[in-house]
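First to last, the protein sequences are chains A and B. Residues 1 to 688 in UniProt numbering are what the first sequence spells out, letter by letter. Residues 1 to 688 in UniProt numbering are what the second sequence spells out, letter by letter.
No lab work stands behind these hints: they were computed from the structure.
Treat identical chains as interchangeable: a pair holds within one or across any two.
Computed list of lysine to aspartate or glutamate pairs in EDC-like fashion (alpha-carbon distance at most 20 Å, straight line):
| # | residue 1 | residue 2 |
| --- | --- | --- |
| 1 | Lys298 | Glu213 |
| 2 | Lys356 | Asp152 |
| 3 | Lys321 | Glu129 |
| 4 | Lys356 | Glu129 |
| 5 | Lys403 | Glu285 |
| 6 | Lys229 | Asp162 |
| 7 | Lys298 | Asp253 |
| 8 | Lys356 | Asp151 |
| 9 | Lys321 | Asp253 |
| 10 | Lys356 | Asp392 |
| 11 | Lys252 | Asp317 |
Number of protein chains: 2
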Amino acid sequence: MLRQRAVPARFHLGGNVARRCAITPWEQKCLVYRASNVRLLHSGQDVQKSVPGIRKASLRQLLYPRQVRFVSGKPLPQRRSWILNFVYRSAAWLGGSIVFIGIGVVGFFLYDASTYREDLSFRDIQVSEIALRPRTGGPKNLPIAEVQIDDDDSSEMKSQKDKPKLVILGGGWGSVALLKTLNPDEYHITLVSPTNYFLFTPMLPSATVGTLEFRSLVEPIRRIVCRVKGHFIRASAENIEFSEKLVELSQKDNNGKEVRFYLPYDKLVIAVGSTTNPHGVKGLEHCHFLKDIDDAQKIRNHILTNLEYACLPTTSDDERKRLLSFVVSGGGPTGVEFAAELFDLLNEDLTSHFPKLLRNEISVHLIQSRGHILNTYDEAVSKYAEERFSRDQVEVLTNSRVKEVQADKILFTQKGEHGETITKELPMGFCLWSTGVSQTEFCQKVSAALGSAQTNRHALETDTHLRLNGTPLGDVYAIGDCSTVQNNVADHLVTFLRTLAWEKGKDPETMQITFGEWREVAQKVRKRFPQAADHLKRLDKLFAAYDKDQSGTLDFGEMRELLMQIDSKLTSLPATAQRAHQQGQYLGHKFNKMARAAPGLRVNDVRDGDLDEAVYKAFEYHHLGSLAYIGNSAVFDLGNGWNLTGGLWAVYAWRSVYFAQSVSFRTRILLAMDWAKRALFGRDLMNW
Amino acid sequence: MLRQRAVPARFHLGGNVARRCAITPWEQKCLVYRASNVRLLHSGQDVQKSVPGIRKASLRQLLYPRQVRFVSGKPLPQRRSWILNFVYRSAAWLGGSIVFIGIGVVGFFLYDASTYREDLSFRDIQVSEIALRPRTGGPKNLPIAEVQIDDDDSSEMKSQKDKPKLVILGGGWGSVALLKTLNPDEYHITLVSPTNYFLFTPMLPSATVGTLEFRSLVEPIRRIVCRVKGHFIRASAENIEFSEKLVELSQKDNNGKEVRFYLPYDKLVIAVGSTTNPHGVKGLEHCHFLKDIDDAQKIRNHILTNLEYACLPTTSDDERKRLLSFVVSGGGPTGVEFAAELFDLLNEDLTSHFPKLLRNEISVHLIQSRGHILNTYDEAVSKYAEERFSRDQVEVLTNSRVKEVQADKILFTQKGEHGETITKELPMGFCLWSTGVSQTEFCQKVSAALGSAQTNRHALETDTHLRLNGTPLGDVYAIGDCSTVQNNVADHLVTFLRTLAWEKGKDPETMQITFGEWREVAQKVRKRFPQAADHLKRLDKLFAAYDKDQSGTLDFGEMRELLMQIDSKLTSLPATAQRAHQQGQYLGHKFNKMARAAPGLRVNDVRDGDLDEAVYKAFEYHHLGSLAYIGNSAVFDLGNGWNLTGGLWAVYAWRSVYFAQSVSFRTRILLAMDWAKRALFGRDLMNW
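Work the whole structure out from these sequences, hints included.
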């Protein structure tokens, strides 16, 4: 009955009606079309004949059917002048919008009012005696935190008390990915970190110049720990007593007094990250690093103090040029992004309120030891970045190594065209040191304690299940920048051959391996060393290449050589947030699975052995690509030769990626606010 | 022709039409009303007869004329079920809203894209030689900054070069009010301040606990200076050479190297503010002050470090209670607001993620030397604040004076009920010292240099035209916390009587003053000392009271006594933002007027004499009221016994006042964002 059907529009309006109403031919058409649609007319009817009562106002009504009052539905008044009409309707729209927004504002205030707590009920709470007065013990006879003061805070927390203790050292990408992946009910989790926030490190360069606020890059670690009903202790890890399963922690109070204590663990995850690599260069006390919010704040202050000092009337011209010479040592993503952000600050914001002389005397220099900046990226990407920088008047000094940093200049050697080394010096007012990562003191101690099981000077070695080499299986894991996954495929050859040899009743070292057996070995290698899979695609070719005597079989020596050649092709994983994140997620999934498998294993009295391998696959890294901001443009290296470079649209894409990866709804809102702030008000050139 | 007239609704709808269309009697009425309004019907016509072609859909159309598509104006489809209709229309609205918001977002992105500068044109700029290599001179033979490096930056700046040099020391309330009032074209203005931002001090307590961000309270001073085409030098004032009209400035660079130089002035405004008053108490190095962003940041860090330390398993119960004992010394607005904000933080945000034990062991103490907190406010307001605090478990210790602060406790004396003094001690983990203001080192130097002209130990004395006593008239002014306006009415008695005495040919000290003459004197007093006007209302009563011999005249002694009694009633102006603001505005208006009067004075060769008094009235302070936040409630003292106290509505009012007073559009937006952030995400319990 109420159905609406499109009726063919074959009507005409009586000429005298049209004349009487003074409407245009186009309006006539519209009118007829509308009229047919609302079924005032039938096919072929004449408007004048069929609706003799129709007059001007009603025609208007049909022409502009929306022009009625919002609430009452009454038609809007028609005035003689279209200006008056327009003014009246605009005012009505404005009023309507104000009411609408007003409702929103009132709603927000009501919500806001509900967030103030008025009840102050202190209830008696339970805290176990042993949490308040922990027993002492361990090799150094320190207090042992077996029970924590918030273990009895709620029934949910209580239920965690007797679960296996999982201790996580560090609050970076790896730890947070692990926390976000873990099921809330499997472990009694304690996170230990010297900072009480998670820092979104990839955007730290933006914060140094005030494009982003510090608060937008951090999330309180307690909010993240909360999800798994875990605990947080702000302390630094000092040592691990592997035999007694204790971590030694330290913390300083406001007066500088230090306390130390032990935290017991059943499972320990080391994710403490790395420090800056000094590369043995003298005078790094004159440089800034960029690892933490603190660093970013110091950098911001230093830059602005230099600018202010350059404005003083007593500053000589040479001194001004020195103060405004900004040097970045290291052409990796951090160095490049910092140089780009610095350039943005100087180019976009400095000119408006500082003396123009400053802008003319500013110089930005980027010192890179390799032949190109962003040398881990695709070559096209490197080139694009270098071109962009040369346009932006950022001086890129490649093939250059810093020799020494002094308070007011930097000495570096540069390779000449003919391979000769020239020593140069650059006056500088600011230097950022971002030349790769190095092991923390804590990791060095751990590594030393494990002796020959740890042979890498730069990182803690783990097997492909991310278990720290040299520790009891399933006790200690290491992830992120502080760790490296050992890809010693050849060393495990005997293990791979053992089952085969046992079946044939032979010694693995003397047996001949057929192609079929090689396939089985390759399968095992793939499972244990997922990163090697890429190099094990053409098994027949590999087999043929190493079967030098063309006997159709490989002996132990040939086999070993084959695997060693694969080893040599495996590179160590990059020290990036992406890797730490994947490792954290991997551990989270594995721990969840192990916890679910635990009852079954207990029933079957399985306590020893390679539980990790029994339960879960080995860790495999999937590179998703790299990206970098390079000053009103951005680059994306998507791997396998795919890459994208571009201007503003790439900047927005770059922001979108990080916006999506951001840790919480809170940080996303804050990031969006910051970007809007930059557009509206520019960066704030203030420091304290 | 297009006029719309209400037509009396005397129609009826043919019964069979109504039946056929299945509409209700109410809908019939509506229909008839609408139809008459859009003139489909004439008075008395029957719908069925006059419009035989009308069918259901068109009736509906008349009934609900808004239900048409937004863009095309076609009617919305009618479905059998109201649920389907509702769903369809909601979806349409949602889609419409998304499109609408989408347009807004795209618009913002377009605007954003326009804010990135791509052109990097460096143009040659003019800088005069003398700006780059200033001549040295003055008593200490330091460089003299006669010309600045941005004096030639633009034609606008150039036009300022030869105008009288106005130097303003300090970048607080007084200076900013002065800058905002000054006409841009009258003076060559240079602002000197050790910080490159203006700080909105009244909300600083909110920033200590993260309710507001630091950035929201500050505005780059260069942006404010920009309006008057002025200059900014980040430096500290060290001394003034009054005879040569030079200010000695100093600044340290990042390596700690200090430079000093002179800045010449024609007019100098001292608005350097004040420091915290130590009241001679020992151990203030264990306390925090709250004067600057730096202080607020330190406080935030200290509070959070204490909380984190209190969570450690090694912290004993006594130590935890000490760490969580927060002491505020000083019951003025700053102390009270800080205590309130601290309590909010602990009550609203701490409980959610920190161990519950902490909340139970926290204590906040407020030590006040007077009998009430907020003792400069109305008594009812003080009482309300005290009641509120006692409900909020903030301990208010009145009639108490701090004797000594130690690293872990605070010693104070308290007056007992019988007037006896008891010494008490309070373990504390944090202490804020906010007990009034004191003179800065610079002001002490200035005061000492002026010798007997400056008798006040606490502030620089000015006359009622805000000219610094002891300096050539019209050279040096002092405003804000660093200054006090001398109300020595009696000292000026001879001046007031001089004209009268001259007319009569008498010695002022021996003449007899009649009531008529007294009225003239009172008029002069009112003009010169506007603050005294309140006490000069009943001239006849005053005259009668001091005419002790009832002679109908006053002699010089009686007159003097009368004025001294008025002096004693005049209180010194409060050290508040409000006062500094009014003084800044006053100076701004006066300077504008003086600049406009300058050509006339030059023509008439008027160079000496009291130009200020000739041109402009004396400064008069108008108290507009005081307000304070006291923890989910706020108080307003509007003066003359009027006051308001209340809960959340008062908090919103308190915020509105500061929102309105905020220095720029930028800070207002940021404040609103911060308040929204608090409601959505709470305060961030992080520190670095």
